[in-house]
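Taking the hints into account, I'd like the entire structure generated from these sequences.
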Amino acid sequence: MADTDAKAAPASGASAGPSKPQKPPNPVWRMMGLPNFRFKLPSRNWMIFLSITGSWTAAVMYDRREKKRIQKKWARVVEHIAKEPLDTQQLQRKLTVFVSAPPADGLVPARDHFHEYIKPILVAAALDWDAVEGRREGDIRAGLAERIRKLRKKRGETSEEPIEEGTEELLEATRQRAGVREWDGPAGDIVIGRHTWKEYVRGLHEGWLGPLDAPTLQAEAIEPPAETVLPAPGATPELLKTEPAEETTAPPVATDDTSPTAAPEAPKTDEAEKPKEEENKPKKKKQPPPFITTAEYENATLSRNCPQALGPTAIIPFPHLLGFFNFPIRMYRFLNRRQAADVIGRETAAAVLGAYRPFETSGEASTFNDQDDHSSTPWEQQKLLKHEEPDWHKSARKREEDDKKERVWLDDMVLDPRIAERMRRFALDAEVEERAKNLPRAEEKSWFSSWWPQEKKKGAWEGLSED
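The numbers in UniProt numbering rise by one with no breaks, and the one at position 96 of the sequence shown is 96.
If you're looking for bench data, these hints aren't it; they were derived computationally from the structure.
Accuracy of the hints is not assured; some may be wrong.
As the list claims (entries may be wrong) - Think about it this way: if two alpha-carbon atoms lie no more than 20 Å apart in a straight line, the pair counts; the simulated DMTMM-like pairs of lysine to aspartate or glutamate are: (1) Lys-119 with Asp-130; (2) Lys-94 with Asp-128; (3) Lys-150 with Glu-168.
Listed below in structure tokens is the structure:
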């Protein structure tokens, strides 16, 4: 037994043999001063970091690619309008875009929203537009009402204030002399956001139902009396009399350099120039108060120049949420911009194609507001984009006790049947919707294909000789 064990030991050692030598590192890495790279799985911390950043990057890239694809789809629906010929003696159709700063924010987010979602489709159709911007609450209401009042004055309605001739009136007169006609069909408006929509509706009612001249205030502001100086006790009446100071001219002083009494010239101050600069500055126009209140709609007289069908309107959603605690909702919207591009693209395409329908009404002839029963809501205008109001800043949703002024954003939307029945809304036809769904998907090149040089196709004129 001992002999067999002794024989088995060297046999097992012989079978193991010498171990393989370790593979030498790549000399290229050694020449570059880099260590030997070994392919292995990263550590736990690196796996967490790469998985989070990779998933976030993939979600953002997928959303942006789908957003561009959706915008291209709606741009292809309206691109045939850009190829239609235009009459040289007729103006092109022009849309009016109403943009207003969202509550508790500036005008830049609203402009970016227009440039990102609406402008690409308008450019694809080669359509012209005119922007009406509002930096604070009530600017859109005042601007639209003033436009309507100016239109009523041009159509013959009498007013105490004459029409102020500006560049627009000069251009219209020049076009009339040249024989250039206006656009025959309806132009249409594009309204961005619920806050702008409420001002738009308020401006329509004020323009067509309100007076042309500003109403006189019932209680005029009383000017405070001039400040009077009380006499000191024991002062004589002669000392209290104030006489205008006589202008005295100082005798001329010699300015000879050799004169020991030569007075130095007084340095010129800029105080005299400041009033002149302030006078030359154009005064900012103040926002005029509304010419008519919502309670006076029923007793107001509709203008005889009001058309039977007002210009159609496209209402564009504008999701805008502020606040640190709303971070999860904002991130969700940031990763789902393709949904907003689809909704906004459909509304903009309907405005470009000019397909519209009347708003849904119940036919009841009375004035309604947002506080009426939801089961019998008469007007579709009141429900549009109402889900955006909870996202507004609290300053636009709460009224202070001392604040008695009209707040268009905070107050309920009040509609008069005479105006609401004349309003129209842009909407796509079923045929256009079906055509948009069946559009072939355009071929898209992968993002990494630009890394390699591609062969450019030669034009028909290239490679030809003169022989």
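Structure-based check of all given hints:
Proximity of Lys-119 to Asp-130 is assessed by CA-CA distance (about 12 Å); at most 20 Å being required, the pair is judged to hold. A threshold of 20 Å between alpha carbons decides the hint, and for Lys-94 with Asp-128 the separation of about 5 Å falls inside it, so the pair holds. In summary, the hint linking Lys-150 to Glu-168 is supported, as the alpha carbons are separated by about 12 Å, within the 20 Å threshold.
Hint compliance for this structure: no hint is broken.
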